[in-house]
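Generate coordinates for the entire structure from the input sequences, incorporating the hints supplied.
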Amino acid sequence: MKKILLLLVLISASCISVLSQTYYYKHIEDVDDNGVKTKKSGGIYITFTKSSCYESDENGYQSGISDIYHYKETKDNLFVYSHDALEKEAEIDRMYAKSGVIGVNVLTMGAWLDGMGKLRYQYFYLSTDFSRLNHCVEKNITEVYIKSDPPKKKEDEPVHFY
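First residue of the sequence shown: 2, per this note's numbering; consecutive thereafter.
There may be inaccurate statements among the hints.
Calculated cross-link-like contacts (lysine-lysine; reagent style DSS-like; alpha-carbon spacing at most 27 angstroms) [claimed, not checked]:
| # | residue 1 | residue 2 |
| --- | --- | --- |
| 1 | 76 | 148 |
| 2 | 76 | 38 |
| 3 | 40 | 27 |
| 4 | 27 | 153 |
| 5 | 73 | 148 |
| 6 | 27 | 76 |
| 7 | 154 | 27 |
| 8 | 76 | 154 |
| 9 | 51 | 76 |
| 10 | 73 | 27 |
| 11 | 153 | 40 |
| 12 | 27 | 51 |
| 13 | 73 | 153 |
| 14 | 51 | 73 |
| 15 | 40 | 148 |
| 16 | 154 | 40 |
| 17 | 51 | 154 |
Listed next, with one range per pair, are the computed distances between beta-carbon atoms [claimed, not checked]:
| # | residue 1 | residue 2 | range |
| --- | --- | --- | --- |
| 18 | 62 | 131 | 15 to 23 angstroms |
| 19 | 34 | 152 | 14 to 22 angstroms |
| 20 | 38 | 78 | 16 to 24 angstroms |
| 21 | 58 | 34 | 29 to 37 angstroms |
Derived from the structure by calculation, the hints contain no laboratory data.
For clarity, every value in this text was computed on a predicted model and none was experimentally measured.
For every residue, glycine included, the Cβ atom is placed at its ideal position computed from N, Cα and C.
Below, the structure written as structure tokens:
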């Protein structure tokens, strides 16, 4: 009986780990619409589920009010994930509703509208082997990331920030 229970626990744990996968991506450069490249540093963790992805911590927990990008299609050997402004606005409104604040967050909505008053979309373009990630954050800037080992923590680095 104990062996069966242990087997069920192991199978469940392996299924859960398959449901999502987290990778670290190093930010190497930004490219504008003229092809001008600017070197960058830092990086992000991205967690992928069956139908979406989002910025997370190293354990796969969503960080703050990070955007959720939904899988749209596979095009030219790239996975395409998109996020739209209406979705973000609804997410922020839910957060305000929980906190007791009423009303639309006008500043956020303004940040998600382009100069013509049209809704902007953000995209993740991901190579099918998950090695490269392009994050199109504005109509004229693409952030370029490569899959990498996460930075090592220094031994003298405090565990908690006070």
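Comparing the hints with the structure gives:
1. 76 to 148: Since the Cα atoms of residue 76 and residue 148 sit roughly 20 angstroms apart, the hinted pair holds (cutoff 27 angstroms).
2. 76 to 38: holds (24 angstroms)
3. 40 to 27: holds (11 angstroms)
4. 27 to 153: Holds: residue 27 and residue 153 sit about 13 angstroms apart, inside 27 angstroms.
5. 73 to 148: Distance of about 21 angstroms is within 27 angstroms: holds.
6. 27 to 76: holds (23 angstroms)
7. 154 to 27: Answer holds: residue 154 to residue 27 is near 15 angstroms, not above 27 angstroms.
8. 76 to 154: Distance ~37 angstroms between residue 76 and residue 154 Cα, so the pair is violated.
9. 51 to 76: holds (17 angstroms)
10. 73 to 27: Holds, at about 24 angstroms.
11. 153 to 40: holds (21 angstroms)
12. 27 to 51: holds (23 angstroms)
13. 73 to 153: violated (34 angstroms)
14. 51 to 73: holds (12 angstroms)
15. 40 to 148: Given pair residue 40, residue 148 holds - Cα atoms ~16 angstroms apart, limit 27 angstroms.
16. 154 to 40: Holds, at about 23 angstroms.
17. 51 to 154: Not OK: residue 51 and residue 154 at ~30 angstroms, beyond 27 angstroms, violated.
18. 62 to 131: 15 to 23 angstroms: holds (20 angstroms)
19. 34 to 152: 14 to 22 angstroms: About 30 angstroms separates the Cβ atoms of residue 34 and residue 152, which means 14 to 22 angstroms is violated.
20. 38 to 78: 16 to 24 angstroms: holds (22 angstroms)
21. 58 to 34: 29 to 37 angstroms: holds (32 angstroms)
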